[in-house]
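> Mind docking chain F on chain L? Use the hints.
For the protein sequence lines, the chains are L and F, in the order given.
Under our numbering, the letters of the first sequence match residues 1 to 350, in that order.
Under our numbering, the letters of the second sequence match residues 1 to 278, in that order.
The hints are simulated quantities; they were obtained by calculation from the structure and are not laboratory data.
Hints are supplied without guarantee of correctness; some may be wrong.
As the list claims (entries may be wrong) - Using C-beta positions, here's what the derived DEER-type ranges look like:
(1) L:171 / F:12: 37 to 43 Å
(2) L:175 / F:12: 37 to 43 Å
(3) F:182 / L:176: 37 to 43 Å
Claimed, not checked - Negatives, chain F to chain L, calculated, CB over 12 Å:
(4) 46
(5) 141
(6) 142
Bear in mind that the values here come from a model prediction, so they are computed numbers and not experimental data.
Glycine is no exception: its CB is placed at the ideal position from the N, C-alpha and C atoms.
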Amino acid sequence: MKDKTPVTIEVRNLVKTFGSFKALDGVDLKVDGGELVALLGPSGSGKTTLLRIVAGLDWPDSGEVFISGEDALAQGARERHVGFVFQHYALFRHMTVFENVAFGLRVQPRAVRKDEAGIRARVKELLDLVQLDWLSDRYPSQLSGGQRQRIALARALAIEPRILLLDEPFGALDAKVRKELRRWLRSLHHEINVTSIFVTHDQEEALEVANRVVVMDKGRIEQIGSPDDVYETPATAFVHGFIGESIELPVHVDGGVIRLGDRPLQLAADGLAPGASKLFVRRHDMLVGPPGTGAFEGAVQHVRNFGPVQRAEVALSGGETIEIDAPRDRELRAGDTIGLNPRRYRIFAG
Amino acid sequence: MSAFAARRRTLPGFGLTMGLTLSWLSVIILIPLAGLFLKSFELSPEQFWNILSSRRTLNALRVSFGLAFAAASVNLVMGSIIVWALVRYRFPGRRIFDAIVDVPFALPTAVAGVALTALFAEKGWLGAPLAALGIKVAFTPVGIFVAMIFIGIPFVVRTVQPVLQDLDPEIEEAAGSLGASRWQTMIRVILPSLAPALLTGLALAFARAVGEYGSVIFIAGNLPNVSEIAPLLIVIRLSEFRYADATAIAVVMLVVSFVIIFAVNRLQRWARSRIPAR
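In isolation and in its complexed conformation, chain L is listed as follows (with noise of 0.2 Å):
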């Protein structure tokens, strides 16, 4: 498989509907060879519609879809050699763990398909790369969420396909046996080197797996970085506040002038056009001061300790609440009245 050079995946306006429901309003996307591509949203934004399609499991009302440069929407799923892993595995239950491997290899045309001493070796070698050599006899019923899922994936690769789909592959699987298996994606992504696009909700998950990052909302993409991009440099409200935990207030821009309801907040507005907009500050971006002090001023309501912070619920003068992250050193109480000034900020019209 590492002697193939991976392959492109590239789609031009891309639309699907599904009655009134816009699932995808137009989205091109590229993705290049050997990468690993998380496909980050909310449900409903369109990402497995997304997926689905790229796989040859669902068809788009318009828009293209190319694979290592040739037209995908002229194939069906089939022709298409493409591995995808579902969030509820669809392994066969009827067969044992050896057969499922192996079924993507036994189905193929007679002209190229191994004979059984082929085919046991290809399926020992896949079991071992996802370490479950040991379970070849059992049935899926027998075994975990996750090892179904690696089953899910070996079967998958049996086809060595040219690209490799995963559709909220730990969805199902509980939080700890989900963070294992993301680093051991990632590091056998690694290995076998086959351009890879994965969908998920989980921010986390695709901010510690993915190469890239494509952030979609309604059906669009929002924004396309790496994992660094999308969470220090949000492109759209709508990333910072889905990416990281955000406190969002409602401010307004006027000559130069920021204002929460109506009072000018001590915070550069250069650039911003004039009109209603959306101040984002990440939680641990707020400092703590003494009143009188910093951009804003508030009255702590009750704090809460995390390990190495505290997370304090603050009513700010102008009477709206947010929860701040800050660090142990300073220690906070109900009561206080403190002054907050935010160390960096991002403010998008709207």
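Here is chain F on its own, set in the frame of chain L:
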């Protein structure tokens, strides 16, 4: 009470339900069957053998079991196709077709027999064109076959339907993306998953067809050795007051049916063991 039953259980009522089950099954099934066997013991083994090996008895058993099996097999194939259409596709009138499947359950079998006879008689709607082709249905074994198909079809449809409904469409997509053709997906993935339900449906349709009386006797013509079913022969013997003869045939039907159903059950259990519950 034995230590076994006296042990504390989360679900109370073991003694009560078990007692009721056993007494009820005894009264409803076991005692009548025992009576049947006892009655047949009035015959000497030689008499028993003579009754069974008579040409008329053998032919009646052959007609009953042979046609029942043929009808159940046809129902298995056609029933599966009907289930597939009802479960997998949305078309106008689907609910009506779905309801129509149950008609043979509810219709008095005599009514079904009369209707089928009128339909397939030489001047009937279907009988006339078939007669022109030289095929005679009413008053021949073919008529029995048709009646047995009619009464058996809901058994296959209703046993397979819920299982197909539960079958995750994703496994078909998985098979497709792994390179399987529609045909390979059907043979290697869908049919094996449905196998236990298909076998149950086959067994039920078969059992029903073997025991069918009402609809068959109208359409069969009831020619001894040709289109006379075993249950009818039993009735004829009873009306001749030859009770022992009647019970001898009945016992054979019972034993053969039981053996066949038992075999299908084993087969079904074997098929199910290969698909452990989720």
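> Does each hint fit the structure? Answer for all of them.
Okay, the hints, checked on the actual structure:
no.	hint	in the structure
1	L:171 / F:12: 37 to 43 Å	holds (41 Å)
2	L:175 / F:12: 37 to 43 Å	holds (39 Å)
3	F:182 / L:176: 37 to 43 Å	holds (40 Å)
4	46	holds (51 Å)
5	141	holds (38 Å)
6	142	holds (37 Å)
Checked against the numbered hints listed earlier, the structure breaks none of them; every hint is satisfied.
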